[in-house]
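Student: Take a look at the letters that make up each chain.
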Amino acid sequence: MTKQQANWSPYDNNGGSCVAIAGADYCVVAADTRMSTGYNILTRDYSKLCKLADKCVMASSGFQADVKALQKHLAARHLIYQHQHNKQMSCPAMAQLLSNTLYYKRFFPYYSFNVLGGLDNEGKGCVFTYDAVGSYEKVGYSSLGSGSTLIMPFLDNQLKSPSPLLLPAQDAVTPLVEAEAVDLVKTVFASASERDIYTGDKLEIVVINADGIHREYMDLRKD
Amino acid sequence: MNFMDSKQPESGLLGPESDSQRTLYPYVTGTSVVALKYKDGILMAADMGGSYGSTLRYKSVERMKPIGKHSLLGASGEISDFQEILRFLDELILYDNMWDDGNSLGPKEVHNYLTRVMYNRRNKFNPLWNSLVLGGVKNGQKYLGTVSMIGVNFEDNHVATGFGNHLARPILRQEWHENLSFEDGVKLLEKCMRVLLYRDRSAVNKLQIAKITEEGMTISQPYSLKTHWELSAFQNPTQGAVGSW
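Here the protein sequences come in this chain order: S and Y.
The first sequence runs 1 to 223 under UniProt numbering.
The second sequence runs 1 to 245 under UniProt numbering.
Chain S on its own, in the form it takes in the complex (with noise of 0.2 Å):
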């Protein structure tokens, strides 16, 4: 028999958009609901986020599979560590343990695009942002997977953070008060949606400040 399949891969882009902004005492977290492959939309409501520890979430697009295996792996690691130091891993800790763990499959890479968010151990709000072998920066503010060449310029348009290169080093948290950065998450979602096939359905916000974590939802474009 001749062979009708292209070759076999064992990746696959099921797409999505994620944002994440650091406050002066919050941080945001943002990821839309749809999953595709290809031309097909899969599912309409399956949620990006994940919940890492008390005061970090993480927002993945990418390969589904992947992120999943990556999901329950860090929480497995979490769940060690709160038995070994009876306390909940710090957002910064969380980053670098992402990295490690991303960049141990440096040759069969987890297909997967992180953004973390969440409060540092002052309460300020941080974000790191990753590629999918595990290199990784803290920044203000980050946009990664499908719809992210749409959403970023615009970000770095309104939040204008302070060149990394500067010495001494500037605080990279936006100036924004968080309604004004939930607003901010909500737009650039309403216009990614517009533009971008893989991006739409529903908008699922979360928002972590001294009070805990809050989440909210948004619709969005479902053609």
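The set of hints was computed from the structure by calculation and includes no laboratory data.
Some hints could be false.
What the hints assert, rightly or not - Using 30 Å as the maximum straight-line C-alpha spacing, the simulated DSSO-like pairs for lysine-lysine come out as follows:
no. : chain 1 : residue 1 : chain 2 : residue 2
1   : Y       : Lys108    : Y       : Lys138
2   : Y       : Lys108    : S       : Lys72
3   : S       : Lys160    : S       : Lys138
4   : S       : Lys222    : Y       : Lys142
5   : Y       : Lys142    : S       : Lys202
6   : S       : Lys51     : Y       : Lys108
7   : S       : Lys72     : S       : Lys105
8   : Y       : Lys39     : Y       : Lys142
9   : Y       : Lys187    : Y       : Lys69
10  : S       : Lys51     : S       : Lys68
11  : Y       : Lys108    : S       : Lys202
12  : Y       : Lys65     : S       : Lys68
13  : S       : Lys51     : Y       : Lys142
The hints should help you fit chain Y onto chain S, whose structure is shown.
Tutor: Just chain Y now, kept in the frame of chain S:
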């Protein structure tokens, strides 16, 4: 494709297909599975064709099977891989039963197990060439999920594999609602299966519908759908196509 012409290295992951022990393409395949939640549980439909490439080789393949007490599994893709998965699940259910503690695996647990098996095999570059649909009811909770060959998985109120994703799900999105009665659910599935029968060349007009509720599951006897081929476009498909025979 001639294997002799390929200039790939002799060993390693990309070695010649002739001495490969992996499923690089499927042999006998089943086409779409369609399933939905309805008022009392889950309904699932699949036809009974088994294709050998584009030859319709088998006509009585059962592609939906009961798993344990609370779950129903439907499969499209490589039939032999499906049968191997059934062996894994039989063992899983048997060993779970041997605890004799009154607990039993529900659809959520079985689906999660399948998710890990499929993903684990793709990690070994040795996939089980299937798209699976798992439905069930346990403790009043309806469950419907799916897993692909490479481990992509999700739950939804209605799911479909393969061509069903293109042709059946738009119908389901338009007509599905939470309080579907059994009769309306079957009607909706039959509508989907009829569209698939008309437009998916590997679909055959012999299908089963399976039902699972809190009370238990039943898989129907094979039956056929009423079809209507008398439309003029079906009667004379080459009309207006100059030069066609």
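Student: Indicate, hint by hint, whether the structure satisfies it.
Tutor: Status of each hint after checking the structure:
1. Lys108(Y) to Lys138(Y): holds (9 Å)
2. Lys108(Y) to Lys72(S): holds (16 Å)
3. Lys160(S) to Lys138(S): Given that 30 Å is the threshold and the Cα spacing comes to 16 Å, the pair holds.
4. Lys222(S) to Lys142(Y): This hinted pair holds, its Cα atoms lying about 25 Å apart.
5. Lys142(Y) to Lys202(S): Distance ~23 Å between Lys142(Y) and Lys202(S) Cα, so the pair holds.
6. Lys51(S) to Lys108(Y): Distance of about 21 Å is within 30 Å: holds.
7. Lys72(S) to Lys105(S): Measuring from Cα to Cα gives roughly 15 Å; hence the hint holds.
8. Lys39(Y) to Lys142(Y): OK: Lys39(Y) and Lys142(Y) at ~9 Å, within 30 Å.
9. Lys187(Y) to Lys69(Y): Holds, because 26 Å separates the two Cα atoms, which is no more than 30 Å.
10. Lys51(S) to Lys68(S): Holds, at roughly 13 Å.
11. Lys108(Y) to Lys202(S): Roughly 25 Å between the alpha carbons, so the hint for Lys108(Y) and Lys202(S) holds.
12. Lys65(Y) to Lys68(S): holds (27 Å)
13. Lys51(S) to Lys142(Y): holds (25 Å)
Hint violations for this structure: none, all hints satisfied.
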